[in-house]
Amino acid sequence: VGCTSHEPSAQSSPAASGPSSAAPEASPSPSPPGQDSYTFRLPIAVYSYSDADYELIRSAEQILARDCMKDFGLTYRPTKNAAPAIAPDRRYGITDTDSAARYGYRMPPQPAAPEAKLTKDQIKVLYGRTSPAADSTKNAELQYRGKKIPDQGCLGSAILGFRKPYEDNAGAEAASRISTDSFANSQKVPEVRAVFEKWSSCMQQKGYDYSSPMQALETPSFLRGKVSALEKKTAVADVSCKKATGLLKIWFDAESSIQK
15 VGCTSHEPSA QSSPAASGPS SAAPEASPSP SPPGQDSYTF RLPIAVYSYS
65 DADYELIRSA EQILARDCMK DFGLTYRPTK NAAPAIAPDR RYGITDTDSA
115 ARYGYRMPPQ PAAPEAKLTK DQIKVLYGRT SPAADSTKNA ELQYRGKKIP
165 DQGCLGSAIL GFRKPYEDNA GAEAASRIST DSFANSQKVP EVRAVFEKWS
215 SCMQQKGYDY SSPMQALETP SFLRGKVSAL EKKTAVADVS CKKATGLLKI
265 WFDAESSIQK
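Residue numbers (the numbering used here): 15 to 274.
Bear in mind the hints are in silico, worked out from the structure with no lab data behind them.
Just to be clear, a hint being listed does not mean it is correct.
What the hints assert, rightly or not - With a Cα cut of at most 27 angstroms, we get these calculated BS3-like pairs of lysine-lysine:
#: 1; residue 1: Lys-84; residue 2: Lys-178
#: 2; residue 1: Lys-220; residue 2: Lys-263
#: 3; residue 1: Lys-212; residue 2: Lys-246
#: 4; residue 1: Lys-263; residue 2: Lys-212
#: 5; residue 1: Lys-162; residue 2: Lys-134
#: 6; residue 1: Lys-274; residue 2: Lys-263
#: 7; residue 1: Lys-220; residue 2: Lys-257
#: 8; residue 1: Lys-247; residue 2: Lys-212
#: 9; residue 1: Lys-161; residue 2: Lys-134
#: 10; residue 1: Lys-274; residue 2: Lys-257
#: 11; residue 1: Lys-202; residue 2: Lys-212
#: 12; residue 1: Lys-247; residue 2: Lys-263
#: 13; residue 1: Lys-263; residue 2: Lys-202
#: 14; residue 1: Lys-161; residue 2: Lys-131
#: 15; residue 1: Lys-161; residue 2: Lys-178
#: 16; residue 1: Lys-246; residue 2: Lys-257
#: 17; residue 1: Lys-84; residue 2: Lys-94
#: 18; residue 1: Lys-84; residue 2: Lys-161
#: 19; residue 1: Lys-263; residue 2: Lys-246
#: 20; residue 1: Lys-257; residue 2: Lys-202
#: 21; residue 1: Lys-257; residue 2: Lys-247
#: 22; residue 1: Lys-220; residue 2: Lys-240
#: 23; residue 1: Lys-131; residue 2: Lys-84
#: 24; residue 1: Lys-274; residue 2: Lys-202
#: 25; residue 1: Lys-257; residue 2: Lys-212
#: 26; residue 1: Lys-178; residue 2: Lys-94
#: 27; residue 1: Lys-220; residue 2: Lys-202
Work out the full structure, taking the sequences as your base and the hints as a guide.
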């Protein structure tokens, strides 16, 4: 729940055939978050990057990596990614009936990003010492055709160089702490506790015994194995009761007040 740790996907492994970051193309402008995007409607979210922001940052990093590769006489054309799929916001648990009916409490599958096809030389220069093609001798200088390769490779050095001037570790820690604490403290607000009871009563009427949405979300059998019919039915009931009791708005309003 730390909003400053939002970046949706890790850097792809150098063991793969290539990166899955965005191509150096203009990214779409960020669209306003929908009503169910509670995380990005909270007050602290103004200090966090959106998915569209990260795509734009990655595009810039790829341009720098491409130019670095040119200096080594190598071409590098990152694959052009489609607009990133918007993952469901699970800050307050599941909220979408269709997703609940298909996937229960699990996250819907995300499309795999295309990968650039790279030669061994391209991988070596792009990823540096993190590349399988790197010299295994720790102290040996990594070179390509007599020219020193950055330890982190062209891509790693592009990322580090581009982001470092904007780092604010103290600010990020403060924002993350606010986001984490507000989530925990919001569950102690009387209005939220009262609507949890209403939600629990609604669930009991449907045959399920849970004291809060978080308890349902953390049911052990809903976290592993195949999605069962019981999980799907429980998830649909969960969303239905949230909507019937107005739980989501009450919880969001309470946490927003705490964050402010």
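The hints, checked one at a time:
The suggested pairing of Lys-84 with Lys-178 holds, with an alpha-carbon distance near 23 angstroms, which does not exceed 27 angstroms. For the given pair, Lys-220 sits about 22 angstroms from Lys-263 by alpha-carbon distance, which is consistent with the 27 angstroms threshold. For the proposed pair Lys-212 and Lys-246, the alpha carbon gap of about 21 angstroms is at most 27 angstroms, so the pair holds. Restraint check for Lys-263 and Lys-212: satisfied, since their Cα atoms lie roughly 14 angstroms apart, inside the 27 angstroms limit.
Distance hint between Lys-162 and Lys-134 is fulfilled; the C-alpha atoms sit about 16 angstroms from each other, no more than 27 angstroms. A distance of roughly 16 angstroms separates the Cα atoms of Lys-274 and Lys-263; the hinted pair therefore holds under the 27 angstroms criterion. Restraint check for Lys-220 and Lys-257: the C-alpha separation of about 14 angstroms stays at or below 27 angstroms, so the hint holds. Of the supplied pair hints, the one linking Lys-247 and Lys-212 holds, its CA atoms being roughly 19 angstroms apart against a limit of 27 angstroms.
Our distance criterion of 27 angstroms between C-alpha atoms is met by Lys-161 and Lys-134, whose separation comes to about 16 angstroms. At roughly 25 angstroms between alpha-carbon atoms, Lys-274 and Lys-257 fall within 27 angstroms of each other, so this suggested pair holds. Distance check on the hinted pair: Lys-202 and Lys-212 sit about 15 angstroms apart at the alpha-carbon level, within 27 angstroms; holds. With a CA separation close to 23 angstroms, the supplied pair Lys-247 and Lys-263 stays within the 27 angstroms bound.
Under the criterion of a C-alpha separation no larger than 27 angstroms, the hint pairing Lys-263 with Lys-202 is consistent with the structure, at around 16 angstroms. For a cut-off of 27 angstroms, the pair hint linking Lys-161 to Lys-131 stands: about 23 angstroms separates their Cα positions. Between Lys-161 and Lys-178, the direct Cα distance comes to roughly 25 angstroms. Compliance with the 27 angstroms bound is thereby established for this hinted pair. For a cut-off of 27 angstroms, the pair hint linking Lys-246 to Lys-257 stands: about 17 angstroms separates their Cα positions.
Taking the CA atoms of Lys-84 and Lys-94, the gap is about 19 angstroms. The hint holds against a cut of 27 angstroms. Taking the CA atoms of Lys-84 and Lys-161, the gap is near 12 angstroms; set against the 27 angstroms cutoff, the hint holds. For a cut-off of 27 angstroms, the pair hint linking Lys-263 to Lys-246 stands: about 23 angstroms separates their Cα positions. With a C-alpha separation of about 21 angstroms, the suggested pairing of Lys-257 with Lys-202 holds against the 27 angstroms cut-off.
About 16 angstroms separates the Cα atoms of Lys-257 and Lys-247, which keeps this hinted pair within 27 angstroms; it holds. Restraint check for Lys-220 and Lys-240: satisfied, since their Cα atoms lie roughly 23 angstroms apart, inside the 27 angstroms limit. Our distance criterion of 27 angstroms between C-alpha atoms is met by Lys-131 and Lys-84, whose separation comes to about 17 angstroms. A threshold of 27 angstroms between alpha carbons decides the hint, and for Lys-274 with Lys-202 the separation of about 17 angstroms falls inside it, so the pair holds.
Taking the CA atoms of Lys-257 and Lys-212, the gap is near 11 angstroms; set against the 27 angstroms cutoff, the hint holds. Between Lys-178 and Lys-94 the CA atoms are separated by roughly 25 angstroms; this keeps the pair inside 27 angstroms, and the hint holds. For the proposed pair Lys-220 and Lys-202, the alpha carbon gap of about 26 angstroms is at most 27 angstroms, so the pair holds.
The structure shown violates none of the earlier numbered hints.
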